[in-house]
Structures are given as C-alpha cells and as structure tokens.
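Enquirer: As a plain string of letters, each chain reads:
Number of protein chains: 2
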Amino acid sequence: MTLSPQHFKAFEEIVGEKNISINPSTLSVYSYDSTRTEILPSCVIFPRHTQDIQKIIAYAYTHKIPITPRGAGSGMSGGSINEGIILALQKHMNKILHIDTQNLCVTLEPAVLNASLNNALAPYNLFFPPDPASASFSTIGGNISENAGGMCAVKYGVSKDYLLSAKLVIGTGELIEVGHKTYKDVAGYNLLGLVCGSEGSLGVITELTLKLKAKARFEKSLLVGFSSLKSLADCSCAILSSGITPCAMEFLDTLTTQALNSRFNLYPTEAKAILIIKLDGNFEPSLEFEASEIEKICKAYNPLSFEVAKDKQEEERIWFGRKNASQANSIYGVKKLNEDITLPRSKVADFLERVQEISQKYDFPIPCFGHIGDGNIHTNVMLPSLSSLSEGKEAIKELFSITLSMGGTLSGEHGIGLSKAPYMPLAFSSTHLKLFAQIKKAFDPHNILNPHKMGFDPS
Amino acid sequence: MTLSPQHFKAFEEIVGEKNISINPSTLSVYSYDSTRTEILPSCVIFPRHTQDIQKIIAYAYTHKIPITPRGAGSGMSGGSINEGIILALQKHMNKILHIDTQNLCVTLEPAVLNASLNNALAPYNLFFPPDPASASFSTIGGNISENAGGMCAVKYGVSKDYLLSAKLVIGTGELIEVGHKTYKDVAGYNLLGLVCGSEGSLGVITELTLKLKAKARFEKSLLVGFSSLKSLADCSCAILSSGITPCAMEFLDTLTTQALNSRFNLYPTEAKAILIIKLDGNFEPSLEFEASEIEKICKAYNPLSFEVAKDKQEEERIWFGRKNASQANSIYGVKKLNEDITLPRSKVADFLERVQEISQKYDFPIPCFGHIGDGNIHTNVMLPSLSSLSEGKEAIKELFSITLSMGGTLSGEHGIGLSKAPYMPLAFSSTHLKLFAQIKKAFDPHNILNPHKMGFDPS
Numbered sequence: 001m002t003l004s005p006q007h008f009k010a011f012e013e014i015v016g017e018k019n020i021s022i023n024p025s026t027l028s029v030y031s032y033d034s035t036r037t038e039i040l041p042s043c044v045i046f047p048r049h050t051q052d053i054q055k056i057i058a059y060a061y062t063h064k065i066p067i068t069p070r071g072a073g074s075g076m077s078g079g080s081i082n083e084g085i086i087l088a089l090q091k092h093m094n095k096i097l098h099i100d101t102q103n104l105c106v107t108l109e110p111a112v113l114n115a116s117l118n119n120a121l122a123p124y125n126l127f128f129p130p131d132p133a134s135a136s137f138s139t140i141g142g143n144i145s146e147n148a149g150g151m152c153a154v155k156y157g158v159s160k161d162y163l164l165s166a167k168l169v170i171g172t173g174e175l176i177e178v179g180h181k182t183y184k185d186v187a188g189y190n191l192l193g194l195v196c197g198s199e200g201s202l203g204v205i206t207e208l209t210l211k212l213k214a215k216a217r218f219e220k221s222l223l224v225g226f227s228s229l230k231s232l233a234d235c236s237c238a239i240l241s242s243g244i245t246p247c248a249m250e251f252l253d254t255l256t257t258q259a260l261n262s263r264f265n266l267y268p269t270e271a272k273a274i275l276i277i278k279l280d281g282n283f284e285p286s287l288e289f290e291a292s293e294i295e296k297i298c299k300a301y302n303p304l305s306f307e308v309a310k311d312k313q314e315e316e317r318i319w320f321g322r323k324n325a326s327q328a329n330s331i332y333g334v335k336k337l338n339e340d341i342t343l344p345r346s347k348v349a350d351f352l353e354r355v356q357e358i359s360q361k362y363d364f365p366i367p368c369f370g371h372i373g374d375g376n377i378h379t380n381v382m383l384p385s386l387s388s389l390s391e392g393k394e395a396i397k398e399l400f401s402i403t404l405s406m407g408g409t410l411s412g413e414h415g416i417g418l419s420k421a422p423y424m425p426l427a428f429s430s431t432h433l434k435l436f437a438q439i440k441k442a443f444d445p446h447n448i449l450n451p452h453k454m455g456f457d458p459s
Numbered sequence: 001m002t003l004s005p006q007h008f009k010a011f012e013e014i015v016g017e018k019n020i021s022i023n024p025s026t027l028s029v030y031s032y033d034s035t036r037t038e039i040l041p042s043c044v045i046f047p048r049h050t051q052d053i054q055k056i057i058a059y060a061y062t063h064k065i066p067i068t069p070r071g072a073g074s075g076m077s078g079g080s081i082n083e084g085i086i087l088a089l090q091k092h093m094n095k096i097l098h099i100d101t102q103n104l105c106v107t108l109e110p111a112v113l114n115a116s117l118n119n120a121l122a123p124y125n126l127f128f129p130p131d132p133a134s135a136s137f138s139t140i141g142g143n144i145s146e147n148a149g150g151m152c153a154v155k156y157g158v159s160k161d162y163l164l165s166a167k168l169v170i171g172t173g174e175l176i177e178v179g180h181k182t183y184k185d186v187a188g189y190n191l192l193g194l195v196c197g198s199e200g201s202l203g204v205i206t207e208l209t210l211k212l213k214a215k216a217r218f219e220k221s222l223l224v225g226f227s228s229l230k231s232l233a234d235c236s237c238a239i240l241s242s243g244i245t246p247c248a249m250e251f252l253d254t255l256t257t258q259a260l261n262s263r264f265n266l267y268p269t270e271a272k273a274i275l276i277i278k279l280d281g282n283f284e285p286s287l288e289f290e291a292s293e294i295e296k297i298c299k300a301y302n303p304l305s306f307e308v309a310k311d312k313q314e315e316e317r318i319w320f321g322r323k324n325a326s327q328a329n330s331i332y333g334v335k336k337l338n339e340d341i342t343l344p345r346s347k348v349a350d351f352l353e354r355v356q357e358i359s360q361k362y363d364f365p366i367p368c369f370g371h372i373g374d375g376n377i378h379t380n381v382m383l384p385s386l387s388s389l390s391e392g393k394e395a396i397k398e399l400f401s402i403t404l405s406m407g408g409t410l411s412g413e414h415g416i417g418l419s420k421a422p423y424m425p426l427a428f429s430s431t432h433l434k435l436f437a438q439i440k441k442a443f444d445p446h447n448i449l450n451p452h453k454m455g456f457d458p459s
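Protein chains in written order, with the working numbering: chain A, 1 to 459; chain B, 1 to 459.
Just chain A, same shape as in the assembly:
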C-alpha cells in the first residue's frame, strides 16, 4: 500500500514537510513493536498538536486512509503497527501540561513516558500507579490505550482506574472531551471507560487527565519459599482474604525458580515456588504488623523459608529474581511465546497443573511467573527452534482454551491487537463481536483508525 502524491501533499500542508516522511529507513523504524511482527507503513506523520490530528483524521476520513496512532511502539500485541499512516506522537506530543496538587491529578500529552511522568511527580510526593514492566520506555497514551497494569495492580488497580478525562479525535475528525476532573461522574454513557483499552481503534487521544496517588512513605518486602505451587496459591488467597492488600504480590514457578537458582543461587534449593510481596504505607509500625500477620498466615501452608527485607540491599536481592525471571528462562529455548492470560485467583494452582500437562504433551518447557495477587500469569512457551512455531501456537491455543474454561480472560494487560485477534472467537460470542463492531462504527464510521485489529469484523 502506498500513499498517493496528492494525499501526501495534503498531509504535508497540514504538518509541514519536516513532520511527514516516506523515507524507507523512517518507515522501517515504525514497522515493528515488542511482538517483533513487522508491517511497513506507507507514511509516518508527526503531528504537532490536537489541531493537526483533527485535520489529518478529517482528511483520512474523507479519503478512507488507514491511520494508526503510536507512542513508543513498546506494545506486546501489535497495537501500534499497521499499513497506511502511522501517527507518531512521540516527537511533539510529549509534554506534561499541568500537575494539579489540589485535585491530585495531572494533565499531559499522550506521548509522555510513564517513567518521565513519575520522575516529574516525585518532587510533589505523587505518583501514577500503573507500572507496566515497560514503564521506563512506554508512553502514557499507550498505557491508557492498552489499559496497562503492572505489579502494583493488586493494590492500586490498572490504567482505567486513573483516567479522569481525555481529549479524543474520533474517526470523523471530530474532537470530543470525555470525562471530567472529578472523582464521580455518571452523566451519559461511560465513553471514557470505553476508550481506555480500545487500542487506538476508537479515536486518537491528544490530551489526558489522570488521577494520582500520594506516594507511601515506607515499603517492606517479603520473600516466601514454598514446596508447591498449590500451597503458594492458597496462601496468597488467604493473605488477601485477611484484609491485607500488598502493593505487589508476585510469584515464580518451579522452572523459573530453578532457572534463577542455576545462575544466581538465590533461593532454597528445595523451593518449588517463590512468593514475593511488597507492602507499603505511611506508618511504619503498620507494615511491621502486616508482615507479622502474613507470617502467621503463611505458617499454615508450611513455607520452606520466610524472609523480611531488613534494608534496601535485602529488598533489592528479594526483587532481583522477579526482575530477571524473563531473561533467566531463556535457558529453556531459543524462542519465547509469552502470554498474559488472567484467571480467577482461586484457579491459578489448577491452571498451572494444566500447563504442566500441555508442556509434556508438546515437549516445550512452559515456565510461568507473574502477578499472583490478581491472577495475571505470564506463561512462556519456550521453543527449541523457530521451526516449532506452529506447534507452539497450538500449545498457546490450548492454554487459552483452558483459561477460558476456568473463567479467565485472554489478556490481563497486553491487549488483543494483532497477536490475540485469531483467538477472539474462542472468548466471545457473535453477539459480543457484533457489539464491538457497532461501537467501532459509531466512533470510526469509515474504519480508518487502527483497522484490522482486535479480532472482529467492523464492516
């Protein structure tokens, strides 16, 4: 697909010649994301502001030209790559506009990095809680568009819980503001909740206002070794049922623990599963109280080890394994197919048993780790060679089927995009898919915004 000279000229008139490119090396830079799928766009446009985007989309609407917004291109499901025009927001639309310390919120352009936002908020003792692993290089617009989660979702929730309002250019080029800088709002349908997680398919977000939280003064980290994943999963449920809500509650399965031990000798050698917990709060004795309550609860599940970090150094060591889990697992294969399925918390242990069966059936190691506190499991099908790719995809299809049969969902935080689109009919009825298509049509009547995504037919 190429852009006609006439269309190129029209866009060039809107943004100026410096802000549009069909240079092959530029196109190449914008042709991939973290899925390593590649789709070459026909043109990259760098809009300067909301008005540019309105004009660009109005023109694209008239001429039915596909257009896909993109932040840092760090997405895990192919949400920011496409044919047609890539609307690259990171060059110009990357400013924090207003930190509002009275209403605890921030107004910003979409391509501010998650980490840059949190750096800017630190002097005010505020933070934006969603903390995807990509926080240092993913944009807030991307986080909101994918409804990104992260480790602290168990306590602080996910991106949608922080979106107060957005300026949005829909598929006709019309600009709307959705939401308010208020903590309650029930006027009209919840368009804001719909836009969040819509993967750039309903509109281009040009400005956002996000809720913030005051940063807790103290943190405390704990590491518990278990002799089985079942004990770990049951113990996690018991901790949360007790009324303690850690700000992170992560696990490593047997394979991941072994991979980490083989390199770093971190955990008791007999440990089959590792639970890592972070507590936070403003009153230090309260954290000590919670840690001792957690220790009491853990005892009922016969832990092999129980450790509370006494200082920053010990805390870093506790988290070292979790942060290096993904790389450590590379010993199991040359190609990783990682997914982010999410289950009811109580089903995690059963699910991980079923993962073992699939691993044996296909003879692929499938190490798992992730957010046990909210049932969001990162499954990693490790392939011995690239030639096993289609078998690997079969294994993943089985993982999805088991997930869905246990009441889970295809994705907890990465999105559907291109990667999971083929599995959507497993998860949704034709009625759901029809509703998705009609919603898409309402916002984007010519199906120009990030088309061919999310596994439904918008025609």
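Do not take every clue at face value.
Pairs count within a copy or across copies, as identical chains cannot be separated in the list.
[Claimed, not checked] Using 16 Å as the maximum straight-line C-alpha spacing, the simulated EDC-like pairs for lysine to aspartate or glutamate come out as follows:
hint, residue 1, residue 2
1, K211, D161
2, K434, E177
3, K434, E174
4, K64, E83
5, K310, E288
6, K336, E316
If you are wondering where the hints come from, they were derived from the structure by calculation, not from laboratory data.
Computed from a prediction, not measured in an experiment: that's the story for all the values here.
Starting from the structure of chain A, add chain B where the hints point.
Expert: Below, chain B without anything else, positioned relative to chain A:
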C-alpha cells in the same frame, strides 16, 4: 398507552398469570420513584429468571413494546419509571447465588438489596463498599445501573469499581455475559464499564458478580468546625494530598450547620462549616497516627474545634448531624430540589460562593452538604411554595451552568434519567449525543429498553 390483549397473553404465557398485572393499584405502585414524578405503566411483569427475561425482551423487540427494568424504585432521577412494561425484578430475582471467599467476590441476582448483601457478607468479614444513602432499600442492580456512589467513595470508589461481570439481556433478547471473575481483563471493548451507569437502557442485568473488600477492623471518627467554607475546602484538599485517604470525608455548609444547631445544638455556634471524617484500617495505632496527622494539618486552617470520637457513642453523635442534614434543612422551605453535581475538589469553595449569589438572586435558601472528599455536593434549592417550581428550576439550571463552567459534571451518583435529561445539551456536544445514540442503537436497535431517557435522541 395500553397493552393489547394479544401482547398481554403472550407475556402471560411466558411468566404465568401470577407474574403479570394490569391491575390499576399494582400499576400505581410501579408508577413512581424517589423523584416523585409519576408515569403509569401499561403492565407490570415479574420475571422469574433470566430465561423469562430473554423471552420477554425478544417478544418486546419483535413488537416494539417499551420495557423498563426496575429494582426497588428508589432512584433519584426517574430511571425506573416509564410507559409500557415495567419489568419488576424484586419479586423473584433477589437471591445471593454464591459468596466466593477465595476470589473475594459475590454472584447474585440484581434485586438483592444493598443492605441485605452486606448483612449476608458480614459473617465472612467482607463487604460491598458502595454505600448510597438508600443502601437499606435500594437494590444492587439499581446501584450498578446508576453507578451509585456514597460516603465511602473517597476511599473505596463507586459501583463501577466493583463490577466484575454481568449477564445481560440486550434489546434483541440476546443474552451475553460481559466481564470475568478476574481482577484484570483487557480483551475486547469494555462493555462492562459501559453497562454500569447506563440506567437500564442498554440491557437488563439478570446476574452480577461483584468484587468485595475485607472489612476493616477499626474505625475512628473526627469532627472539625471551621469559620469558613473556604478553610474547610482547602483543609480537605491538604489532608488528601498528605496521603491520608479517609473512608468518608463529609461536610455541612453554614445553613445546614445552623439548621442542625437550631434543633439539636450540636456544633460550636460560631462554626460556619463542619468537616466530618471517618478513618478505617486494621491496625489501631495507624488510625491514631492518621488522626494526629490530620489534626496537625487542620491547625494551619484555624479550626474552631477539633474532636476525635473516643467511643461508639461519641462516634454516633459526630455522624448524627450528617445523617440528619437533609431533614434539618426542611426548615428552609416546603419543597426541596436537590441535585448531586460534582466538581473538581479544588473548586468546591468557589462553587459554594456562587451558590450564595444564586440564592440571593432568586431569594431561595440553598443549603449544601455532602461528599467534600470527592467534590460531590448535594445542593438543595428550598422553595417557599410549589408555585415557585419553575423559578426553582431556573436556579438549578444556573447551578448546572456554573458547575460545568468549573469543569464539573451534572451528576456524581444519581444519574440522568428523566430529571436531568433536559440539561444534557448543556453538558454534551452533538457529537457526544450522537455517540450515545449509536451505542444505544447497538445494544437496543428498536429503542425498547427504558426509552426516552438520558437526554439524547436514539432514533
């Protein structure tokens, strides 16, 4: 509007003769809600289960018969009254189906009362946080349909924050399940977020799964008297910015304080504004710490009084004024027009000043109180007689205009329904209203579900 004998017979065949009525006294019972508007339905049907509802709506779809779901009829915006059929859920669809202590959630039918649910959860030390003032007589289905809030929203959020999944019969009679029993879910568009707060206009909810929280072990209440609303509002912002999140943070304005004092002599006579705070948590010393931190913060705003409840009795006294605020204000007029506008928290003091100007302009007292923690203010235009109604509505229109000009919203928790529908064009552009209409059409192509509501034209 009357129902033809043929249609009546068709519905009777679905639910049985005991579960359908056109008896005038029954129709009358279902003709009003808390707005005191009356619309006589043509028929009331008491469905027994989801299948009944599917059949009823499929028939209504074919024959284009309007149908409105209703829980307890306690709504504040006319959401459960209409012409056509009232689908009265409270008779049969009022069962709690499963309390899941591992995943901290409950599955239930829509017409369980909020208070009944919380009574049933108490033995498990769990609760459903949204606490509208109507909790003892409103249904969970109604709470979810209106996205109800309450006093503890400042810490615990509103109904939409607790909806995990729903069975929904859309306007064609098709049944869909939306959402999962998972704490993260980004697959497909967020239909769940759209259904919550849609006032029964997108589908009839026949079953719900709700997130729960473990009940905190300790509570502590505080009362602070201020010499001005401005000091109270600024102090409230400062408390929340400090990182303390009370589970309730309420205020009473000067008129409300005076009304309460004239009857009960509760507060320092010179107090122009009262702030009432509730803290909760599992570790008692932490509440003492927070109370002392709040006291320190308050000092900068020269409070007239600062009181921490030492026992249950003192706590009840502290909350007595807030709970009786609405009734106490009845001394100011014979007819009350109360709204639930919501503002950015930092604008509350300015807003309350503007309320005074409107009060003087129209010569109506307008006492205000409510949820200062989330900027959700209950404004009460008190009319000296019913003949002032149209002037009262003019005053409300001005209040709405000021709210919107300050970045606020028409409704924080009551919904739009019939009551606020005329004001929707003040708050939304034609593009918004068109999107609402198209979403409505996707779920309800024949516009039969709770039609003529929420201020947009679905045709």
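Enquirer: It remains to establish, for every hint, whether it holds in the given structure.
Expert: Evaluation of the provided hints:
1. K211 <-> D161: Both, since 8 Å and 14 Å are each at most 16 Å.
2. K434 <-> E177: For K434 and E177, the Cα distance is within 16 Å only across copies (14 Å; inside one copy 26 Å).
3. K434 <-> E174: between (24 Å within a copy, 12 Å between copies)
4. K64 <-> E83: within (13 Å within a copy, 43 Å between copies)
5. K310 <-> E288: within (11 Å within a copy, 25 Å between copies)
6. K336 <-> E316: Result: close neither inside a copy nor across copies, 26 Å intra and 60 Å inter.
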